[in-house]
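Asker: Given next are the chains, with one letter for each unit.
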Amino acid sequence: MKSLVCVSKTPDTTTKIAFTDDGKAFNTQGVQYIMNPYDEWYALVRALELKEARGGTVTLINVGPAENDTIIRKGLAIGADEAVRVDAEPKSAFFVARQIAHYAREQDYDLVFLGKETIDYNGSEVGAMVAEMLGVPFLSYASHMEMEGDTAVVSRDIEGGTETVEVKPPFVISAAKGLAEQRIPNMRGIMMAKRKPLNVIEPVEAEDPAVAVHYELPPEKGDVKLIDPENMDELVRLLHEEAKVI
Amino acid sequence: MHKNANGSTATASEVSSREDRFQHHDYYLLDDLLESDHLLARESVRAWVKREVSPIIEDYANRAECPTHLFRGLAEIGAFGPSLPAEYGGGGMDEIAYGVIMQELERGDSGIRSMASVQGSLVMYPIFAFGSEAQKKKYLPKLGSGELIGCFGLTEPDHGSNPSGMATHIVDDGDAYILNGSKMWITNSPLADLAVVWARAEDGKVRGLIVEKDMKGFSAPEIKGKWSLRASITGELVFEDVRVPKANLLPEVKGMRGPLSCLNKARYGIAWGAVGAALDCYDSALRYAQERTQFGKPIAQFQLQQKKLAEMITEITKAQLLVWRLGSLANAGKATPAQISMAKRNNVHMALQVAREARQIHGGMGITNEYPVMRHLMNLETVLTYEGTHDIHLLITGLDITGLNAFV
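So the protein lines, in turn, are chains A and B. Be aware that the first sequence starts at 1099, since it is given in the numbering used here, and climbs by one per residue. Be aware that the second sequence starts at -4, since it is given in the numbering used here, and climbs by one per residue.
Hints may be right or wrong, so weigh each one.
Said to hold, decoys possible - No more than 27 Å apart at the CA atoms, straight line, and that leaves these computed lysine-lysine pairs for DSSO-like: (1) B:Lys208 - B:Lys133; (2) B:Lys241 - B:Lys131; (3) A:Lys1292 - A:Lys1323; (4) B:Lys137 - A:Lys1292; (5) B:Lys211 - B:Lys200; (6) B:Lys45 - A:Lys1292; (7) B:Lys292 - B:Lys249; (8) B:Lys208 - B:Lys45; (9) B:Lys241 - B:Lys211; (10) B:Lys292 - A:Lys1323; (11) B:Lys219 - B:Lys133; (12) B:Lys313 - B:Lys292; (13) B:Lys241 - B:Lys137; (14) A:Lys1292 - B:Lys329; (15) B:Lys302 - A:Lys1114; (16) B:Lys45 - B:Lys131; (17) B:Lys241 - A:Lys1114; (18) B:Lys292 - A:Lys1319; (19) A:Lys1114 - B:Lys292; (20) A:Lys1319 - A:Lys1292; (21) B:Lys131 - B:Lys302; (22) B:Lys302 - B:Lys249; (23) B:Lys208 - B:Lys219; (24) B:Lys313 - B:Lys249; (25) A:Lys1275 - B:Lys45; (26) B:Lys219 - B:Lys249; (27) A:Lys1122 - A:Lys1292.
What the hints assert, rightly or not - Not the full set, but computed from the structure, chain B residues with beta-carbon under 8 Å of chain A: (28) Glu14; (29) His19; (30) His20; (31) Leu34; (32) Ile72; (33) Pro80; (34) Gly86; (35) Gly87; (36) Met88; (37) Ala162; (38) Pro293.
Honestly, the hints are just simulated from the structure, not real lab data. Glycine included, each C-beta is placed from N, C-alpha and C at the ideal position.
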């Protein structure tokens, strides 16, 4: 299998989210970054497992500036064979998808993996866009995937259950929890990653017709009200009249 | 005491599964001085510690049991001899990477870091540096993979700070040496497959030998009753007319230079490791101070708590700078034993002070195993003493700057 795994950089899960004063951008000051966990733990590892079982290659692709190389090296340390970085700010999902599709089209991949979403903007858009641009099927929210001969059997998380789909490569698949298990790179992998190719390529033109105009934080949580466990009527009244949830 | 959902007091094993919320603290942006493989090594070992060590460590420390299953995990992550060449089971990394790994392990627990320090710096290193090619091929890959566990025998019941006074000795007996004597305070010894033992030869010179577990006359009883490094196993080594084949003698070193060069490696790792323990205490104290409310506001808002926290991060930052510079010197082959002594002494003492202050910030909770602080505090009392005591390292600095020996 020849797999392409799309990896993105996201703020560490412990980051305190803030926006710039004009509300037009995420405030990156003091933020530490990690590889998007859905890309790392599930998409990349499943691609590696398929390679280990059936042979082939695993290539990483990232759209971003040079400081993303640390995250890309981590993917190589976990086991990917090579990496490509499109040297551009990832301005929008459309822009990123255009870069990935442009690269993938030339390389003839069997499978394109990515996480079901990035944990910062939660767009879940790139996978669908890449599939559309490449003209191949898109399997989203995959929590299980096996190859049986030349056919993939993919289980998708759907509301209240699971949908199982059969599909032949090439296709794009977005990884949910369960698709694989996190692998922590060891020191040998980290040292080997230093010698693996990381090619930097120039972006192609892509103007996103949609533009984000404003960001704001959710309202702060209100005070906690403690209700005596004996006073169920008061609890019901508050949930009904104040919280308006029942 | 901690109450769980049904109102009963939680057991140690319940509270030991607390979430490890550690965040990195880098006040002087020292990460800018690290290379990407250092950062990756740190991130990996931290993730491994959060997954494998933090959920179980309070429980094992409480029961004074060594989590022996972690040896294999330490090997897999690459914590045994990371700066030794890959062909001999090491990781081929530099000294800063080694330091960062030790820092992250000790952030979890000094005992876990000790497991790795002994295997890498005190067992694999002397075999690598002073062993024959046959010894290196026979032992190093299996030590690197955790298939074999080693220990290091230098300290004796009557010779601690003065190891060159050792009584353990060997006598030539044809194709073997007859080894007699005993060693004390040996990390990992009761479960080790082999021991690198330092003993005096008939010519008065100290020599190193690889003693295997099943050699007749060799035993390694456990030392019980430690209030410190409770998740690390410690024992003695007892040799009663043990026949050690001459092929097991480390051929390439004679005299105290052998064991002392191993200790330099280990002390270097401890200087980094202590920063990890201090960071964990600081991290816990900072979070606790921000979350704990008294007199209607978080205790972090009170000047006396701020003083403690501000001094803690100041001292940690200084210690981070010290080990980063020491690491750069070590990479260039320029770190002197006296410089390593200074860093070990300063950083362990710093960590102990930070742990004590952090313990106070946690109030009564600070003495429980709901927080890692008391465990670090107790561990660090050992770290202050082993691998050269706090006082001895001061005298090493004294000797270095005056040229006058205060030991004799």
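Asker: Hint by hint, note whether the structure agrees.
Answerer: Status of each hint after checking the structure:
A hinted pair counts as satisfied when its Cα atoms are at most 27 Å apart, and Lys208 of chain B with Lys133 of chain B qualifies at roughly 15 Å. The hinted pair formed by Lys241 of chain B and Lys131 of chain B meets the criterion: a straight-line CA distance of about 15 Å does not exceed 27 Å. About 55 Å separates the Cα atoms of Lys1292 of chain A and Lys1323 of chain A, which puts this hinted pair outside 27 Å; it is violated. Restraint check for Lys137 of chain B and Lys1292 of chain A: the C-alpha separation of about 25 Å stays at or below 27 Å, so the hint holds.
Among the hinted pairs, Lys211 of chain B with Lys200 of chain B is consistent with the structure: their alpha-carbon atoms are about 25 Å apart, no more than 27 Å. The straight-line distance between the Cα atoms of Lys45 of chain B and Lys1292 of chain A is roughly 25 Å, inside the 27 Å bound, and the hint therefore holds. Between Lys292 of chain B and Lys249 of chain B, the direct Cα distance comes to roughly 63 Å. Violation of the 27 Å bound is thereby established for this hinted pair. Using a Cα cut-off of 27 Å, the hinted pair Lys208 of chain B and Lys45 of chain B is violated, with the two alpha carbons roughly 33 Å apart.
Pair hint Lys241 of chain B plus Lys211 of chain B holds up; C-alpha atoms about 15 Å apart against a cutoff of 27 Å. For the suggested pair Lys292 of chain B and Lys1323 of chain A, the alpha carbons sit about 18 Å apart, so the restraint of at most 27 Å is met. For the hint linking Lys219 of chain B to Lys133 of chain B, the alpha-carbon distance of about 33 Å lies beyond 27 Å, and the restraint is violated. A hinted pair counts as satisfied when its Cα atoms are at most 27 Å apart, and Lys313 of chain B with Lys292 of chain B does not qualify at roughly 31 Å.
In summary, the hint linking Lys241 of chain B to Lys137 of chain B is supported, as the alpha carbons are separated by about 21 Å, within the 27 Å threshold. Taking the CA atoms of Lys1292 of chain A and Lys329 of chain B, the gap is about 25 Å. The hint holds against a cut of 27 Å. A threshold of 27 Å between alpha carbons decides the hint, and for Lys302 of chain B with Lys1114 of chain A the separation of about 24 Å falls inside it, so the pair holds. With a C-alpha separation of about 33 Å, the suggested pairing of Lys45 of chain B with Lys131 of chain B is violated against the 27 Å cut-off.
Annotation: proposed proximity of Lys241 of chain B to Lys1114 of chain A is violated, straight-line Cα distance about 62 Å (limit 27 Å). Straight-line distance between C-alpha atoms of Lys292 of chain B and Lys1319 of chain A comes to about 18 Å, which keeps the hinted pair within the 27 Å bound. Proximity of Lys1114 of chain A to Lys292 of chain B is assessed by CA-CA distance (about 21 Å); at most 27 Å being required, the pair is judged to hold. Among the hinted pairs, Lys1319 of chain A with Lys1292 of chain A is inconsistent with the structure: their alpha-carbon atoms are about 46 Å apart, more than 27 Å.
Of the supplied pair hints, the one linking Lys131 of chain B and Lys302 of chain B is violated, its CA atoms being roughly 51 Å apart against a limit of 27 Å. A C-alpha spacing of about 51 Å is found between Lys302 of chain B and Lys249 of chain B, which places the hinted pair above 27 Å, so the restraint is violated. Simply put, Lys208 of chain B and Lys219 of chain B have alpha-carbon atoms about 20 Å apart, close enough for the 27 Å limit, and the pair holds. Between Lys313 of chain B and Lys249 of chain B the alpha-carbon distance is near 37 Å, which puts this suggested pair outside the 27 Å criterion.
As the CA atoms of Lys1275 of chain A and Lys45 of chain B are separated by approximately 19 Å, the hinted pair is consistent with the 27 Å bound. A distance of roughly 34 Å separates the Cα atoms of Lys219 of chain B and Lys249 of chain B; the hinted pair therefore is violated under the 27 Å criterion. The straight-line distance between the Cα atoms of Lys1122 of chain A and Lys1292 of chain A is roughly 37 Å, outside the 27 Å bound, and the hint therefore fails. The interface hint given for Glu14 of chain B is broken, as the beta carbon of that residue sits about 11 Å from the closest beta carbon of chain A, more than 8 Å.
At its closest, the beta carbon of His19 of chain B sits 7 Å from a beta carbon of chain A; the interface hint therefore holds under the 8 Å criterion. Taken as an interface hint, His20 of chain B does not check out: its beta carbon lies about 11 Å from the nearest beta carbon of chain A, beyond 8 Å. Among the interface hints, the one on Leu34 of chain B holds; its C-beta lies about 6 Å from the nearest C-beta in chain A, closer than the 8 Å criterion. A distance limit of 8 Å between C-beta atoms decides the matter here; for Ile72 of chain B the minimum to chain A is near 5 Å, and the interface restraint holds.
A hinted interface residue such as Pro80 of chain B counts as satisfied when its beta carbon comes closer than 8 Å to some beta carbon of chain A; here the least separation is about 11 Å, so the hint is violated. Because the beta carbon of Gly86 of chain B sits about 4 Å from the nearest beta carbon in chain A, less than 8 Å, this interface hint is met. The criterion of a C-beta within 8 Å of any C-beta in chain A is met by Gly87 of chain B, whose closest approach is roughly 5 Å, and the hint holds. Taken as an interface hint, Met88 of chain B checks out: its beta carbon lies about 6 Å from the nearest beta carbon of chain A, inside 8 Å.
For Ala162 of chain B, the suggested interface contact is broken, since its CB lies about 39 Å from the closest CB of chain A, more than 8 Å. A distance limit of 8 Å between C-beta atoms decides the matter here; for Pro293 of chain B the minimum to chain A is near 16 Å, and the interface restraint is violated.
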